[in-house]
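Undergrad: Please model the entire structure based on the sequences and the hints provided.
Respectively, the protein sequence lines represent chains A and B. Taking this note's numbering as reference, the numbering of the first sequence is continuous, increasing by one, and the terminal residue is 110. Taking this note's numbering as reference, the numbering of the second sequence is continuous, increasing by one, and the terminal residue is 114.
Hints are computed from structural coordinates only; laboratory data are not their basis. One should not assume that every hint holds.
Within a straight-line C-alpha distance of at most 20 Å, the following computed EDC-like cross-link-like pairs (lysine to aspartate or glutamate) qualify [unchecked claim]: (1) Lys102(A) with Asp86(B); (2) Lys102(A) with Glu102(B); (3) Lys56(A) with Glu102(B); (4) Lys11(B) with Asp86(B); (5) Lys11(B) with Glu42(A); (6) Lys102(A) with Asp63(B); (7) Lys71(A) with Asp55(A); (8) Lys14(B) with Asp63(B); (9) Lys5(A) with Asp86(B); (10) Lys54(A) with Glu42(A); (11) Lys54(A) with Glu102(B).
Which stretches of chain B does chain A cover? Using the computed rule of at least three CB atoms under 8 Å from a CB of chain A, they are [what the hints assert, rightly or not]: (12) 39-45; (13) 48-61; (14) 106-114.
Computed list of chain A residues with no C-beta within reach of chain B, every gap over 12 Å [unchecked claim]: (15) Lys56; (16) Glu58; (17) Ala70.
Quick caveat: nothing in here was measured; it's all calculated off a predicted structure. No residue lacks a Cβ here, since even glycine has one placed at the ideal position from N, Cα and C.
Spelled out, the chains give:
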Amino acid sequence: DQQVKQNSPSLSVQEGRISILNCDYTNSMFDYFLWYKKYPAEGPTFLISISSIKDKNEDGRFTVFLNKSAKHLSLHIVPSQPGDSAVYFCAPSSGYALNFGKGTSLLVTP
Amino acid sequence: DTGVSQNPRHKITKRGQNVTFRCDPISEHNRLYWYRQTLGQGPEFLTYFQNEAQLEKSRLLSDRFSAERPKGSFSTLEIQRTEQGDSAMYLCASATGTSAYEQYFGPGTRLTVT
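TA: Shown next as structure tokens:
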């Protein structure tokens, strides 16, 4: 069974606009939530994270929101830039292992 | 900081052969992880080392798979009697003890079993 779902396989956004990537999870034991970005032929790169005791974490253009009651988190990128085009993975954890979703491929068009 | 390195980057092998991959983590990181990623999926956890001790193994890690981290530095992942279903990207990641959740990934080894 899939514990982490990213229901949008792809997303296209115009440069300068907001990108919103969503992630749903089922395991209530997850206590730390990470987002990774992946370019082709490279390993995933850590982007931003949030602890389960918080509902928002911001780092520059990137903000992650966590709604524990809904078991939902989202990543907001504003303003979006063409260099943000990549696959984004939601990866919650309850200890040592990261549990990746299938990813959302973001395309930011000029 | 040279990052996590993995060798080889690509490996093509025939079914039934054995293969071994190497991972060199970031030098001060005592935690090391192996993941496997197949097409259209996110990475899936295989196994975890803290220093030289292998502390966790996923059910995905069949008896044909073995991982070692002999001196708590580099790690190797061996697959014996490869099968076509083993074709995947094998990713290694490392982390410090103080920020274990934030794992830093290498570029991966792409295995193709023909």
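Undergrad: Now, for every hint given, state plainly whether the structure supports it.
TA: Outcome of the hint check:
{"no.": "1", "hint": "Lys102(A) with Asp86(B)", "in the structure": "holds (19 Å)"}
{"no.": "2", "hint": "Lys102(A) with Glu102(B)", "in the structure": "holds (19 Å)"}
{"no.": "3", "hint": "Lys56(A) with Glu102(B)", "in the structure": "holds (18 Å)"}
{"no.": "4", "hint": "Lys11(B) with Asp86(B)", "in the structure": "holds (12 Å)"}
{"no.": "5", "hint": "Lys11(B) with Glu42(A)", "in the structure": "holds (16 Å)"}
{"no.": "6", "hint": "Lys102(A) with Asp63(B)", "in the structure": "violated (26 Å)"}
{"no.": "7", "hint": "Lys71(A) with Asp55(A)", "in the structure": "holds (11 Å)"}
{"no.": "8", "hint": "Lys14(B) with Asp63(B)", "in the structure": "holds (19 Å)"}
{"no.": "9", "hint": "Lys5(A) with Asp86(B)", "in the structure": "violated (24 Å)"}
{"no.": "10", "hint": "Lys54(A) with Glu42(A)", "in the structure": "violated (30 Å)"}
{"no.": "11", "hint": "Lys54(A) with Glu102(B)", "in the structure": "holds (17 Å)"}
{"no.": "12", "hint": "39-45", "in the structure": "holds (count 6)"}
{"no.": "13", "hint": "48-61", "in the structure": "holds (count 4)"}
{"no.": "14", "hint": "106-114", "in the structure": "holds (count 3)"}
{"no.": "15", "hint": "Lys56", "in the structure": "holds (18 Å)"}
{"no.": "16", "hint": "Glu58", "in the structure": "holds (17 Å)"}
{"no.": "17", "hint": "Ala70", "in the structure": "holds (21 Å)"}
Of the numbered hints stated above, those contradicted by the structure are hints 6, 9 and 10, listed in ascending order.
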